[in-house]
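One letter stands for each residue in the lines below.
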Amino acid sequence: MIPILVALPLLVAFLVTLFETLKVKEGKIKSVFLAGILLPWVIFIHTATKLPLSEIVGNHAKEAGIQVSLDIYNFYFILAELILFSLVAVYSMSYFKQRAKNGKIYALLLLMHAGLLGAFISRDLFNYYIYMEVASVSSFALVALSDEKGAKKAAYKYLAFSLVASYLFIFAIGIIYLKTGYLNVELIKSSVTVSREINVALAVAFSALILKAGIFPLHFWLPDAHSKAPNPISALLSGIVVKAPIYGMLLLYLALPIRKSLLNLLTLIAFSSMLIGVIFALLQKNAKRLLAYHTVSQMGYVLLGIATSNPLGAIYYAFAHTLFKGGLFLSIGTLINAQKTKDLESLTYRHDKILMISIIMLSLAIGGISPFVGAFGKKLLLSNLSGIQLYLFYIAGVGTLVSFTKLNYYLMKQGKAVKSDLTQKVLSLIIAVLTLAFGVYFGLVISYRDLLVILVAILTFWLLQRVGFFNITLKKYFGESMEEIGREVNAYMVLYSLFLLVLLLQSF
Amino acid sequence: MINAETAGIVIMLIGLYGLITKRNLIKQVLAINVISTGLVLFFVGTGYVENAEVPILPQQAVVDPLPATLMLTTLVVDVAITSLALALILRMRREER
Numbered sequence: 001m002i003p004i005l006v007a008l009p010l011l012v013a014f015l016v017t018l019f020e021t022l023k024v025k026e027g028k029i030k031s032v033f034l035a036g037i038l039l040p041w042v043i044f045i046h047t048a049t050k051l052p053l054s055e056i057v058g059n060h061a062k063e064a065g066i067q068v069s070l071d072i073y074n075f076y077f078i079l080a081e082l083i084l085f086s087l088v089a090v091y092s093m094s095y096f097k098q099r100a101k102n103g104k105i106y107a108l109l110l111l112m113h114a115g116l117l118g119a120f121i122s123r124d125l126f127n128y129y130i131y132m133e134v135a136s137v138s139s140f141a142l143v144a145l146s147d148e149k150g151a152k153k154a155a156y157k158y159l160a161f162s163l164v165a166s167y168l169f170i171f172a173i174g175i176i177y178l179k180t181g182y183l184n185v186e187l188i189k190s191s192v193t194v195s196r197e198i199n200v201a202l203a204v205a206f207s208a209l210i211l212k213a214g215i216f217p218l219h220f221w222l223p224d225a226h227s228k229a230p231n232p233i234s235a236l237l238s239g240i241v242v243k244a245p246i247y248g249m250l251l252l253y254l255a256l257p258i259r260k261s262l263l264n265l266l267t268l269i270a271f272s273s274m275l276i277g278v279i280f281a282l283l284q285k286n287a288k289r290l291l292a293y294h295t296v297s298q299m300g301y302v303l304l305g306i307a308t309s310n311p312l313g314a315i316y317y318a319f320a321h322t323l324f325k326g327g328l329f330l331s332i333g334t335l336i337n338a339q340k341t342k343d344l345e346s347l348t349y350r351h352d353k354i355l356m357i358s359i360i361m362l363s364l365a366i367g368g369i370s371p372f373v374g375a376f377g378k379k380l381l382l383s384n385l386s387g388i389q390l391y392l393f394y395i396a397g398v399g400t401l402v403s404f405t406k407l408n409y410y411l412m413k414q415g416k417a418v419k420s421d422l423t424q425k426v427l428s429l430i431i432a433v434l435t436l437a438f439g440v441y442f443g444l445v446i447s448y449r450d451l452l453v454i455l456v457a458i459l460t461f462w463l464l465q466r467v468g469f470f471n472i473t474l475k476k477y478f479g480e481s482m483e484e485i486g487r488e489v490n491a492y493m494v495l496y497s498l499f500l501l502v503l504l505l506q507s508f
Numbered sequence: 001m002i003n004a005e006t007a008g009i010v011i012m013l014i015g016l017y018g019l020i021t022k023r024n025l026i027k028q029v030l031a032i033n034v035i036s037t038g039l040v041l042f043f044v045g046t047g048y049v050e051n052a053e054v055p056i057l058p059q060q061a062v063v064d065p066l067p068a069t070l071m072l073t074t075l076v077v078d079v080a081i082t083s084l085a086l087a088l089i090l091r092m093r094r095e096e097r
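So the protein sequences, as listed, match chains A and B.
Under the numbering used here, the first residue of the first sequence carries the number 1, and numbering increases by one thereafter.
Under the numbering used here, the first residue of the second sequence carries the number 1, and numbering increases by one thereafter.
Among the clues, some could well be false.
One side of the interface only, derived from the structure: several residues of chain A facing chain B at Cβ under 10 Å [said to hold, decoys possible]:
id : residue
1  : 44
2  : 48
3  : 52
4  : 56
5  : 133
6  : 136
7  : 166
8  : 171
9  : 220
10 : 347
11 : 484
12 : 487
13 : 489
14 : 490
15 : 499
16 : 502
In case anyone wonders, no lab produced these hints; they're calculated from the structure.
For every residue, glycine included, the Cβ atom is placed at its ideal position computed from N, Cα and C.
Please model the entire structure based on the sequences and the hints provided.
Structural data, given as C-alpha cells:
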C-alpha cells in the first residue's frame, strides 16, 4: 500500500507531459496536475490509522527487496510534505498563470513530489539516494526556470555541489555495503560491527548530507539558489527539499553506531550554523535572501537534534520549519509579486491586512514563540542540552526574533497601495493558521516568558539600529561572469574538501 | 597489487582535483563525470569475488551482482544530470552575450 504513495504522482507526471505534447487544453492539464498532487493524501489518510507500518516492495525476502515504512520517524516528514505541496501547487497555478505552456513546470513539480515522498518512506539507503536525486534534479531545473538575472548560475552552482555530494554519499553507501553486506537499515543495524571503515563511511556520508542540507560552512550554494528561484519554488526548496538530507542523517543514525567524537563535531557545526546563519540574515537587505539565510540557521537546529541523539527533536523541528518557512516564502513572495521588488526598503504590507497578519504569525512561529508550532520543536531540542549549549541556543533564538523584528519593522512602513493576488494571500493565511493549529494540537499554551523574549528582541533590534549595525553591507567576493562562477566553484570545492578532511581525521 | 576499489578512489580524487583547479565550466562538468566513473569502478570492485563466475546461471561461485545493478541506476542519473548541466551552461552563455 505504501509504495502507491509514490507511484501516483509519478504516473501523473508522465500523463501531464503526454497531455502537453498532445496539446490538451491548459485547464485540463491543471486539473490532472492537481489530482496528482492531492491523490497521495488518500493513501496517507487511509494508512495513517494503522501506524507503524512496514512492508517490502513486491513481497520479496527482506535481504533482497526494498523496505518502505510509515512510522514515527517519517510520519511528520510526509505530513509536512503533503501539506506544503498541496498549498504550493495551488499557489504555483496562480503564480505561473501569465506564462503559456506550463505543462513542463507541472511535470517537474510532480517529479519532485514523487521524489520527496519516495525518499521519506524509504528504509533502504540506496533507494533513499535515488529518490532524493529525483527531487534534486527537478529542483535544479525549477531554479533555472526563473527569469531573474543570475538564476541559471545559481542553478549551476547548486547542481555542481549537490552532485559531488551525492557521489560521495553513494561512495559511503558502498563502504557500508562492503562491510555489512546490506543496504536495508534494519539489517545493517543487526549485522554491523564497529570498525574504522564504518567510521570513515559515516564521516563521508555526513559531510555530503550537510552540504545537501545547506548547513554552515557548506551553505554557500543555498542563498543564491533559494533566493533566485521563482517564489513558490523557493518555498518548496527551503521548506521541504532540504529536509530530505535530514531524513538521510536519521537513517544513518538508526542504522549505525555513531562515535561520540563525530557527534560532538556535529554539535559544534550545528551551533555555528545556527548563530552564523542569523548574523548573515541580519545583514541582508533582500527579503528572500534574508529568509534563505534563516534556512541555514534553522537547519542548524535540526542538525542539533541529531547531534545530541534526540531524533524526535529533529523530526518535530523539521516539521515546524517546513510549515513556517514555506509560509514565509509564500507570503513574502506574494508581496514581491505585487510590488515587483525584493528590496526590504521598498516592500510594505501596510495595505494588506491578511498578509500582515500571516507574516506576523509566521514570524512569531519561526521565533519559537508559544503556542506556535516552532516552540514545541524547541522544547524537545532543549531537553538534551546543558550548560553553555543552553545559552547559545537562547542567543540563536533571540537573534532569529531580532531579524524578524527587522523584517516586520521594514514591512510596516507606509507605501503606496498595490493590490496583491487573493488566492496567494489566502494560501499564506492558511499556512499561518496551520502553524498555530499544530502548536495548539501539540498542547502548547501562551507563555509569559516568551513575551519577555519578544521584548528583549525588540530592544536588541533598537540598539543594533542605533549602533548602525544594519548599515553594514557585505561585499561580494565573486563576480557574475562565467569565469568567476568557475572560480567560485573551485574555491568552495577546496572548502568542501577541507571540511571532509576534518570529518575524516576525527574518524581515525 | 592495486585493486579495483583503490583505483576507483584514486579516479574520484582526480575528478575532485579537476573541480578544484579548472575554471572552465564544461571542464568542471567533465570532472564531475570523472568522479562518477571512479565511483562506478569502486562499486563494481566491491562485488568482485576471486575466481568467481558471471552471475547468469546458477553456478558454484558467482560475483556479487548487486553493486553492478546499483551502478546502472547511478549511470542513468549521471546522463540526466550531465545533459541538464550542459543545457544550463548554454543558457548562461546566451544570457552573457
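Against the structure, the hints:
1. 44: Nearest chain B Cβ about 26 Å off; hint violated.
2. 48: violated, 30 Å
3. 52: violated, 27 Å
4. 56: Interface hint status for residue 56/A: violated (16 Å vs cutoff 10 Å).
5. 133: holds, 5 Å
6. 136: Holds. Min distance 9 Å.
7. 166: holds, 8 Å
8. 171: With a closest approach of 6 Å, the residue 171/A hint holds.
9. 220: violated, 14 Å
10. 347: violated, 26 Å
11. 484: holds, 9 Å
12. 487: Check passed: Cβ of residue 487/A comes within 6 Å of chain B, closer than 10 Å.
13. 489: With Cβ-Cβ at 6 Å, under 10 Å, it holds.
14. 490: Where the cut-off is 10 Å and the nearest Cβ of chain B is about 6 Å from residue 490/A, the hint holds.
15. 499: violated, 13 Å
16. 502: violated, 16 Å
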